[in-house]
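A.B. asks: Heads up: the sequence lines are chains A and B, in that order.
Here UniProt numbering is used: the first residue of the first sequence is 1, the next is one more, and so on.
Here UniProt numbering is used: the first residue of the second sequence is 1, the next is one more, and so on.
Some hints here could point you the wrong way.
As the list claims (entries may be wrong) - Label-pair restraints from in silico Cβ distances:
(1) B:A386 <-> A:F141: 51 to 61 Å
(2) B:A74 <-> A:T199: 22 to 32 Å
(3) A:L257 <-> B:A74: 45 to 55 Å
(4) B:L146 <-> A:L257: 40 to 50 Å
To be verified - Covered stretches of chain B (in silico footprint by chain A; criterion: 3 or more residues with CB under 8 Å from a CB of chain A, positions within the stretch not fixed):
(5) 69-83
(6) 103-110
Please keep in mind that the hints were generated in silico from the structure rather than gathered at the bench.
The beta-carbon is built from N, C-alpha and C at its ideal position, and this holds for glycine as well.
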Amino acid sequence: MSSGILTSARLRLPGRLRSAYIPVLATAGLLAAMFVAGGVRYTGFASGQVVLNVFIDNAFLLVVAVGMTFVILTGGIDLSVGAVVALSTMVSASLMTDGGWPPLLVVPLVLLIGSALGLAMGCIIHYFDIQPFIVTLAGMFLARGLCYVIGTDSISITDPAYTAVAQARIALPGEMAVSVSVLIAVAVAGAAAYVLHYTRLGRNVYAIGGSEQSALLMGLPVARTKIAVYTISGFCSALGGVLFSLYTLSGYGLNALGMELDAIAAVVIGGTLLTGGSGYLAGTVLGVLVLGLIQTIISFEGTLSSWWTKIFIGLLLFAFILLQRLISARRA
Amino acid sequence: MAPPAPILQMSGICKEFPGVKALSGVDFRLLPGEVHALMGENGAGKSTLIKVLTGVYDIDGGRITLNGQDVVFAGPLQAQQAGISTVYQEVNLCANLSVAENIFIGREPRRLGRIQWKRMRRRAAELLAGLDLHIDVSAPLSSYSLAVQQMVAIARAVDISARVLILDEPTSSLDSGEVEQLFRVMRRLKAEGIAILFVSHFLDQIYEISDRMTILRNGSLVGEYLTSELGQVELVGKMIGRELADLEKLEDRPPARTSEPLVQTEALGRSGAIEPFTLTVHKGEVVGLAGLLGSGRTEIARLLFGADHASTGALRIDGEPVTLRTPRLAMNRGVAFCSENRRAEGLIPDLTVRENIVLALQAMRGWHRPIPRRTQDELVDKYVAALNIRPADPEQLVRNLSGGNQQKVLLARWLILEPRLLILDEPTRGIDVGAKAEIQRLVAELSDGGMAVLFVSAELEEVLRLSHKVAVLRDRKLVAELPNDDGLTTGVIMETIASGGRA
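Bound conformation, chain A alone (with noise of 0.2 Å):
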């Protein structure tokens, strides 16, 4: 009886495999045909340089839903992403451009500004037990509505070093080149992989998005952790909102409008589920690219309006959570 028990549930296994990395595999696939379809359409598509603007014309993007794969993990959501974006923009633009400080004092003040902003969210989530949706939406009016009083108009930034390295190039073997913002996002992007795999912080976010109530009875640091997910994605936030404004060079309240819902986005179609406790960062940046090759096809069409682009997102987004559902339902 014993043994039957044993190799049923080995049987099981190979499955298992595939319906753990379907998501991922899937949406890989998407990105490929997408890219292959593009070359085979449109003249000078199928270049490196073309996938490299992807990535520079989407590296705040990208780093944002890492931020945002920590929290969906757990089974939360953040949706003052997009706000403390913006506000980083205008925080970092005032302070250089009307207040002359240096960038070396402004953009670690904006990451410590983001981070408290998060570990503040985080705090009243878990130790007031309010649903994440409500207190981020909190923070996300918060934000926002302080760029305001910071100004109302579109600050530009002339800060020769900023400008400098917004500008610079790393030249790639192939004629092709990134900026400096890419680097900077595949390295977040790196290292958040590592701590998701590798370290027990990383380890207590999936088993927390698992069961919660698991967690705790394991022992585990669920406050801590939690806490230190909407940290890390207010953190990613303020980062991202240094790449855009590197990207922009300004300053806007209305920057990044609606950018949480693009974040969420990217990391549902990457394979994670919003439910938590199942995904790969690596998932989060294919979603990434996904979204950028969308709007990369639709501008090399040309006649196609940009509002393409949302309707696209929109269907792919029906796709990937039916086929979670799909997916879902036949382990069970």
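Since the structure of chain A is provided, determine the placement of chain B on it from the hints.
C.D. replies: Relative to chain A, chain B alone:
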């Protein structure tokens, strides 16, 4: 030979909840290397005692000593660190993580802060091999059966340093093979000197595995006995505090029914769930469904209630062909279904007894026609009294009730609809002997009143005691239909299950 000194001693434990004295002056001791069963009806205070011991509740009186030292735990975590680990019926692990991680999370082997996955998997595999469990530890926990998950929970508990292991109803969802496997592990741990506190409602299991038992009744200690010196009948008598006459009364087999058929299935089936079966339930007849866990008992119940759709065959109610697309249609036809999983599929724990009871009736009437409060109170009072629901307070939240009383609330919900066919899926699982007898007597009374009952239970004695006929299932197939006459015994049913009805 003098017994070794107790590793754990609880003396004069008192615990009060508002209005209830949950424990009064209970003594309990646990010796190293023994399996000690904690016995008592639901509501006798077993869970409270365990929760007091592990620091979930603080104590109002009495003291706990572990290894001769006074201890007070602020929570399960602290108790665990002191060497007292608890494994609950519903496994408190993270099913999305791998088996190895579930054993080691929070204490993963690391070098320079980096988790050493290979070493963790190897150690997990070694640990489980020590419990005679050879599984792929890198697979997610969710890919294994509940029995294996429990074993993983035990492995974690033992590895963390358990000297005292509390198993709170670990067997209630396991089939007999899995129970055997669990018992092998328990014997092995016992031989290593670990003290095991075991709670189960299955008397046979208690007698198979336990060395000693402590009996509680209404929050007080009845006594501590060696299992070998206390017979089953005496045990039950001590647990319920009265004679078994109530149970005995039902021992007569019910006479067969010859009334007209109420529900007839013709080759009704659902691919992947249950092979086509033909079964007739007459008015006022109790039909028992016997078979192992997963043999298709629940699947039949769900088909008849419209919770699943049949893929083949036809269903007749009162001779009229019907298609039950939804449970609502089934309810309109007079079919009621008490599900097996009362917590997840039946009761709403945060509503009161009254609200839970009128739920189905209100749903039948539609939300635009609320049931007047006075009618509600009358109905609820009637059924609280009829089913002896305790506490007899309709405004009590259902989650505060013991398992047996929750089951009665669920039953009451369906009974006020006055169904013609009542499907009971494991109505007596996990509830105590007294409540069990009451529910059994109720089933007999209902069928005498003309209600047809489809009775699903893993306990063959119970099926035999109540049913007019027994349908035997095996491997998702109805293999035999046996009239409950003098020739039918649990042995015959078991042989039928074993042989698949060919004999």
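A.B. asks: Give a verdict on every hint.
C.D. replies: Cross-check of the supplied hints:
For the pair A386 (chain B) and F141 (chain A), the supplied restraint of 51 to 61 Å holds, since their beta-carbon distance comes to about 55 Å. Roughly 28 Å separates the CB atoms of A74 (chain B) and T199 (chain A), a value that falls within the hinted 22 to 32 Å. Distance hint check: the CB atoms of L257 (chain A) and A74 (chain B) are about 47 Å apart, consistent with the given range 45 to 55 Å. Against the hinted window of 40 to 50 Å, the Cβ-Cβ separation of L146 (chain B) and L257 (chain A) comes to about 48 Å, which satisfies the hint.
Proximity of the segment 69-83 of chain B to chain A, defined as three or more residues with a beta carbon under 8 Å from a beta carbon of that chain, is established by the 4 residues found. Check on the segment 103-110 of chain B: 4 of its residues sit with their Cβ under 8 Å from a Cβ of chain A, so the three-residue criterion for coverage holds.
The structure agrees with every numbered hint stated previously.
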